[in-house]
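S.K.: Single-letter residue listing:
There are 2 protein chains.
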Amino acid sequence: MPEFLTLLPPDDARSLLFANLASPWPGQQDVGVNSALGRVTAENVTAPHPLPAFARSTVDGYAVRARDTYGASDTLPGYLTLNGEVPMGAAPILTVLVGQCALIHTGGMLPSGADAVIMLEYTQPVRPGEIEIQRAVADGENVIRIGEDVTENQVVIPRGTRIRPAEIGGLMALGIQEIRVVNKIQVGLISSGDEIIPPDQAPQPGQVRDINSYSLAALVAQTGGEPVFYGIVPDNFDALKMTALRALQECDLVIITAGSSASTRDMTADVIASLGKPGVLVHGINTRPGKPTILGVCDGKAFIGLPGNPVSALVNGYLFVVPVIEKLLGVNIDKPRPSIRARLTVNLSSQAGREDWQPVRLVASAGGWQAEPIFGKSNLIFSLAAADGLIKIHPDANGIAAGELVDVFLMV
Amino acid sequence: MPEFLTLLPPDDARSLLFANLASPWPGQQDVGVNSALGRVTAENVTAPHPLPAFARSTVDGYAVRARDTYGASDTLPGYLTLNGEVPMGAAPILTVLVGQCALIHTGGMLPSGADAVIMLEYTQPVRPGEIEIQRAVADGENVIRIGEDVTENQVVIPRGTRIRPAEIGGLMALGIQEIRVVNKIQVGLISSGDEIIPPDQAPQPGQVRDINSYSLAALVAQTGGEPVFYGIVPDNFDALKMTALRALQECDLVIITAGSSASTRDMTADVIASLGKPGVLVHGINTRPGKPTILGVCDGKAFIGLPGNPVSALVNGYLFVVPVIEKLLGVNIDKPRPSIRARLTVNLSSQAGREDWQPVRLVASAGGWQAEPIFGKSNLIFSLAAADGLIKIHPDANGIAAGELVDVFLMV
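Which chain is which? The protein sequence lines are A and B, in order.
Note that the first sequence covers residues 1 to 412 in this note's numbering.
Note that the second sequence covers residues 413 to 824 in this note's numbering.
Think of the hints as simulated: they come from the structure by calculation, not from any bench.
Where hints are given, some of them may not hold.
What the hints assert, rightly or not - Result set (EDC-like, lysine to aspartate or glutamate): computed pairs, CA atoms no more than 16 Å apart in a straight line:
id, chain 1, residue 1, chain 2, residue 2
1, A, 377, B, 553
2, A, 241, A, 266
3, B, 804, B, 816
4, B, 789, A, 148
5, B, 789, A, 141
Given the sequences, and given the hints that come with them, work out the whole structure.
M.R.: Printed below as a string of structure tokens:
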């Protein structure tokens with residue numbers, strides 16, 4: 001029986017894969033900003049003009065020359081002559097001269113002569129055309145200056161940024177209608193195993209439906225990839241190699257979910273080894289679930305062999321497929337994964353020296369979130385569907401005690 | 413100048429809104445499971461058959477009758493007669509009789525007569541047709557029984573579940589090709605303000621581009637809503653009311669982002685009050701940014717008035733628009749928002765009695781994640797684009813000291 005001779009820790013395995021990746025740049029395309037949500041910028045976005053493009057008031061009040069307000073207070077107010085009102089959406093025609101002020105609304109353009117705004121609540125009209133001010137303001141107070149948000153030509157969104165609602169808002173503010181994004185990563189999905197049938201067929205005794213192609217396709221799609229289905233291949237080296245070769249030519253990343261038995265897992269490794277250099281980098285990872293995971297690179301392109309066990313395949317999809325796609329997209333992968341701090345409800349044991357990933361359900365309690373482990377044999381897909389996330393048990397631990405705080409990585 | 417007489421804390425404001433919502437059920441539709449990612453189930457999904465549908469081996473080894481292995485050990489092995497091999501993907505024809513075993517692979521169907529599997533590594537062939545076993549196994553060991561994952565008619569995915577890759581995997585395992593999901597929530601977006609112009613136009617002095625319709629549309633879309641644009645309406649009660657009425661008839665939720673000044677914000681409240689009962693529920697929230705946020709319900713439909721300030725509009729989109737959409741979708745909103753535990757890099761002061769939401773950038777350090785506040789006037793949209801998330805400063809605090817641990821809510 002073939003053995004896993006060198007089981008690498010997951011982080012080391014991932015680093016080794018990254019170090020060998022030399023994937024061709026997946027290419028780029030221009031997309032309208034309104035359909036750019038979730039896409040990744042292929043180049044720096046710079047500001048075509050400063051923002052704001054004119055000095056604006058941040059409050060409702062009176063535009064003033066700050067110097068005219070110096071010394072004004074509740075007990076010793078100052079008095080300014082009202083010189084009109086700044087219209088919204090247009091440049092004010094009026095100028096604020098020494099001893100004058102002008103009514104201005106939040107967002108209004110600061111009239112020439114004025115350099116600050118005094119809030120309405122620190123003023124009162126004393127008679128028509130005269131305003132009492134009960135406080136002094138400093139030069140620039142309650143004003144956003146030209147370019148205070150961004151200056152002309154400033155990089156406002158760096159290359160490798162995943163577009164969120166905030167970026168869309170910023171692009172709109174600058175009138176940018178189209179941006180250049182990285183093409184979606186083409187991810188070839190091959191399912192192998194004589195016992196596997198398509199999900200729309202009724203299984204005969206001994207047969208099971210293909211789960212992994214579809215759970216992984218969903219994970220790929222939401223990470224910024226485009227799943228390409230290569231179907232179910234029987235446990236036959238030549239058939240598997242032929243399909244894998246085609247996938248490797250057409251995609252940026254290829255994933256085989258192996259048949260369940262050791263011999264079919266080894267077939268995946270043999271296929272990877274036959275398709276390019278350096279071939280198999282990692283054959284077996286020191287983790288549960290996921291020990292039989294295979295990581296390889298064939299002439300620069302990543303090739304991942306995942307266990308056929310659907311829980312193992314999906315958990316290792318989160319651990320390896322997601323980071324590889326993000327790496328290929330050029331996303332900053334040093335940003336944290338979303339997690340929740342929770343208190344473990346029961347003792348969890350684990351084998352020292354191995355990194356375990358345990359599915360848990362999050363339950364609200366008076367003392368905060370509680371993490372309830374979902375037990376059961378590791379290949380029950382609905383144990384994963386019932387889980388909100390995974391907790392990591394470090395290899396140097398024998399487990400985690402009930403009541404300890406853990407970080408639950410959300411399986412979104 | 414109108415004042416915010418009763419500023420509610422954000423959580424109370426949200427609860428009051430929810431208590432008054434009686435939105436008509438947004439309707440439901442059947443979608444293919446392959447396009448169901450992110451959608452929300454409209455009814456419980458039940459299993460049409462047990463999973464697995466036959467007893468399967470979880471290891472490579474020999475199918476045995478457990479009783480035949482009792483007493484076997486390294487020093488006193490037992491011997492069984494090899495009765496053949498279980499094929500993958502088909503029901504075994506052979507039967508395991510007393511004193512017999514059959515070679516079986518992971519995922520193979522347990523042959524009749526057998527009730528357990530002994531792992532290959534605790535066995536060795538001694539001569540053709542005879543296997544030495546060095547360990548005893550218990551009844552059911554290394555076997556997944558029929559229905560051990562799910563039983564027939566079991567609820568496998570409850571109503572109100574957002575479909576993730578794990579659910580897609582589970583549905584495929586059961587051969588379910590289509591599910592009933594809640595329709596996307598129609599969200600009407602109205603931008604008001606005389607100074608606002610469409611983003612594809614060049615602003616004249618005093619004018620700014622519409623940011624909020626687009627940043628909020630992206631937030632709506634990624635939450636499970638469908639943004640419906642009603643354009644930019646000038647600061648005119650009748651025009652605003654007419655547009656709002658149409659949006660209210662056509663949508664499940666209406667959002668007005670007000671012009672910047674106090675008078676236009678009050679116009680939003682007047683419009684909400686004129687469109688149905690109970691009208692305005694919350695006028696002013698004890699938070700920063702977002703004090704001028706207005707929450708209302710008109711004849712069962714939610715109506716939200718957000719400040720024109722783009723940072724305030726988007727932050728309050730995360731605080732109010734996202735939960736309302738999830739509530740209307742029927743999602744379990746008691747699940748936690750993704751967050752990251754980080755150490756604050758500098759002192760943050762805040763006004764006691766008010767809940768503050770401070771944008772921060774997350775930076776990796778040897779000691780874990782650090783949260784670096786992004787300062788700047790609160791209405792700079794690129795200060796939000798530079799942020800990874802928000803930290804909440806509780807109203808009973810005067811701030812948070814440098815070095816304290818904080819939860820950073822990710823703005824995804």
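S.K.: Does the structure break any of the earlier hints, and which numbers would those be?
M.R.: No numbers; nothing is violated.
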